[in-house]
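Since the structure of chain G is provided, determine the placement of chain R on it from the hints.
Number of protein chains: 2
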Amino acid sequence: MTFIDRPLVGENKISDATVRRLSLYYRSLKYAYDRGMRTISSQELADMNNLTAAQVRKDLSFFGAFGRRGLGYYVADLQRNIARIIGINKTWNVALVGAGNIGRALLDYDQFRQQGFLIKVLFDNDPTKIGKTFQGLEVKDFGNVAEEIKQNKIKIAIIAVPAQFAQSVVDRLIGCKVRAVLNFAPITLQVPENIWVRNENMAIEIEALSFALTNRRDPTRTI
Amino acid sequence: MTFIDRPLVGENKISDATVRRLSLYYRSLKYAYDRGMRTISSQELADMNNLTAAQVRKDLSFFGAFGRRGLGYYVADLQRNIARIIGINKTWNVALVGAGNIGRALLDYDQFRQQGFLIKVLFDNDPTKIGKTFQGLEVKDFGNVAEEIKQNKIKIAIIAVPAQFAQSVVDRLIGCKVRAVLNFAPITLQVPENIWVRNENMAIEIEALSFALTNRRDPTRTI
Chain G
1 MTFIDRPLVG ENKISDATVR RLSLYYRSLK YAYDRGMRTI SSQELADMNN
51 LTAAQVRKDL SFFGAFGRRG LGYYVADLQR NIARIIGINK TWNVALVGAG
101 NIGRALLDYD QFRQQGFLIK VLFDNDPTKI GKTFQGLEVK DFGNVAEEIK
151 QNKIKIAIIA VPAQFAQSVV DRLIGCKVRA VLNFAPITLQ VPENIWVRNE
201 NMAIEIEALS FALTNRRDPT RTI
Chain R
224 MTFIDRPLVG ENKISDATVR RLSLYYRSLK YAYDRGMRTI SSQELADMNN
274 LTAAQVRKDL SFFGAFGRRG LGYYVADLQR NIARIIGINK TWNVALVGAG
324 NIGRALLDYD QFRQQGFLIK VLFDNDPTKI GKTFQGLEVK DFGNVAEEIK
374 QNKIKIAIIA VPAQFAQSVV DRLIGCKVRA VLNFAPITLQ VPENIWVRNE
424 NMAIEIEALS FALTNRRDPT RTI
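These protein sequence lines are chains G and R, in that order. Residue numbering for the first sequence follows the working numbering, beginning at 1 and increasing consecutively. Residue numbering for the second sequence follows the working numbering, beginning at 224 and increasing consecutively.
Here chain G stands alone, though its shape is the one from the complex:
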């Protein structure tokens, strides 16, 4: 996540934090539904995500979902609505740039596919990689990015290249009408106003562990 380098979001009613929580609620609802729950209260959703019930109600009210007192929300309805809001009620064709370690690791990452993000084209600029096949995808020459992006109707790209190449890669992608980028390179990308960038930060997760070891004497099973 970028949290430090982004401009303030004033005009958008739904904040990034809310969107992230919607993704969590979606998973909680799936979990609840799979276990036979058909209704769920804001308090239950809050407890599953370590939030307050008021926060949950506020988040859901942004798109007009209001639970009923004593009943709560219908699980299936709410899940479907959140999927629609997040945009995962359909599939997205995704381009992955970088067939190095992290890129190839992402090809194996089932959760993208499960949530409807289909990696359709894999690029690299390394002649020793171009033409090779990983997970059934042939590595394409990034030099041909324009036609591949167009042909696969791609709006979302994942950048998994070394830091020093990331900016030129994103510039090129934007030139091909890619509109959103998930960036694994540890630099802040400079992009025009109409492009979305999300930076993956794995260090945040490991800090939860150092916190736990530093402070908690009675851990729960998972955090």
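Hints listed in this document are in silico derivations from the structure and should not be mistaken for laboratory results. On a predicted model such as this, the values are computed, not experimentally measured, just so you know. Ideal Cβ positions, reconstructed from N, Cα and C, are used throughout, including at glycine. Any given hint could turn out to be false.
As the list claims (entries may be wrong) - Using 25 Å as the maximum straight-line C-alpha spacing, the simulated DSS-like pairs for lysine-lysine come out as follows:
#1 K355/R - K132/G
#2 K281/R - K58/G
#3 K150/G - K140/G
#4 K355/R - K129/G
#5 K352/R - K129/G
#6 K313/R - K352/R
#7 K355/R - K313/R
#8 K90/G - K150/G
#9 K352/R - K132/G
#10 K363/R - K376/R
As the list claims (entries may be wrong) - Label-pair restraints from in silico Cβ distances:
#11 T91/G - A299/R: 45 to 51 Å
#12 K58/G - N312/R: 31 to 37 Å
#13 Q114/G - R291/R: 45 to 51 Å
#14 T314/R - D126/G: 33 to 39 Å
#15 T128/G - D349/R: 19 to 25 Å
#16 M37/G - D349/R: 41 to 47 Å
#17 M260/R - F63/G: 54 to 60 Å
#18 L71/G - F289/R: 37 to 43 Å
#19 Y256/R - D171/G: 26 to 32 Å
#20 D110/G - N312/R: 45 to 51 Å
#21 T314/R - M37/G: 42 to 48 Å
Stated by the list, open to error - Calculated from the model, a selection of chain R residues having no Cβ within reach of chain G, i.e. all distances over 10 Å:
#22 R261
#23 S264
#24 S284
#25 F388
#26 A435
Chain R alone, transformed into the frame defined by chain G:
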């Protein structure tokens, strides 16, 4: 993150969500300090992270940090305090299990090191990998995990092995007194009560992009 499979956290005053926000505040404070800010208000910290000022004040009050009206918080003090709370005011020796794509990608991931998480030992069970060197680290035989963990005083491990091996790996690590695990395998690990597990979920980040493309007509630069 695991949010769906964890038991409710009742006894711990500071929730996972709060800890995650502390990590964000830490980065915001670093960003602010680097730009010359010496004091910061809860509203400013809130704006940088798309939260309410009340939420920021509540999170910080857990460990006794109270801003002063009209002045706010001292940036350096607050940053130092949060580092101490999260446990990143010192370094942690970390073991990485799995020298595959994701494992090797994590060796290149500077942010772990920057936050004080030092990958000291790299394991695999593949004879073709054992003895090879990646990023200056020799791949050790996971069969010798006990002595390496002990010698390097390791409490935190990263699991980057295929799903079907992850449970046996974590069982073995726990037997070696590892107490916290960052899990990249897409399964829910079963661990005793006194062990911490955090699951890395990269799909959450990409959902913010589909949300943005689905809903927002005037994106800001980054999210």
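Right, here's what the structure says about each hint:
1. K355/R - K132/G: Satisfied, since the Cα-Cα distance of roughly 23 Å is no more than 25 Å.
2. K281/R - K58/G: holds (18 Å)
3. K150/G - K140/G: Holds. K150/G to K140/G sits at ~14 Å (cutoff 25 Å).
4. K355/R - K129/G: holds (21 Å)
5. K352/R - K129/G: The given pair, whose Cα atoms are some 21 Å apart, holds under the 25 Å limit.
6. K313/R - K352/R: violated (32 Å)
7. K355/R - K313/R: The given pair, whose Cα atoms are some 30 Å apart, is violated under the 25 Å limit.
8. K90/G - K150/G: holds (19 Å)
9. K352/R - K132/G: holds (21 Å)
10. K363/R - K376/R: holds (16 Å)
11. T91/G - A299/R: 45 to 51 Å: At 47 Å between Cβs, range holds.
12. K58/G - N312/R: 31 to 37 Å: holds (34 Å)
13. Q114/G - R291/R: 45 to 51 Å: For R291/R against Q114/G, whose Cβ atoms are near 48 Å apart, the range 45 to 51 Å holds.
14. T314/R - D126/G: 33 to 39 Å: holds (34 Å)
15. T128/G - D349/R: 19 to 25 Å: holds (22 Å)
16. M37/G - D349/R: 41 to 47 Å: Holds - the Cβ-Cβ distance for M37/G and D349/R, about 42 Å, lies within 41 to 47 Å.
17. M260/R - F63/G: 54 to 60 Å: violated (35 Å)
18. L71/G - F289/R: 37 to 43 Å: Roughly 40 Å apart at Cβ, these two residues keep to the hinted range, so it holds.
19. Y256/R - D171/G: 26 to 32 Å: Distance hint for Y256/R, D171/G holds at roughly 30 Å.
20. D110/G - N312/R: 45 to 51 Å: violated (37 Å)
21. T314/R - M37/G: 42 to 48 Å: Holds: the Cβ-Cβ distance is about 44 Å, inside 42 to 48 Å.
22. R261: Given a closest Cβ separation of 17 Å, the condition holds.
23. S264: holds (14 Å)
24. S284: Holds: least Cβ distance 15 Å, greater than 10 Å.
25. F388: holds (13 Å)
26. A435: Non-interface label fails for A435/R: nearest chain G Cβ at 4 Å, not farther than 10 Å.
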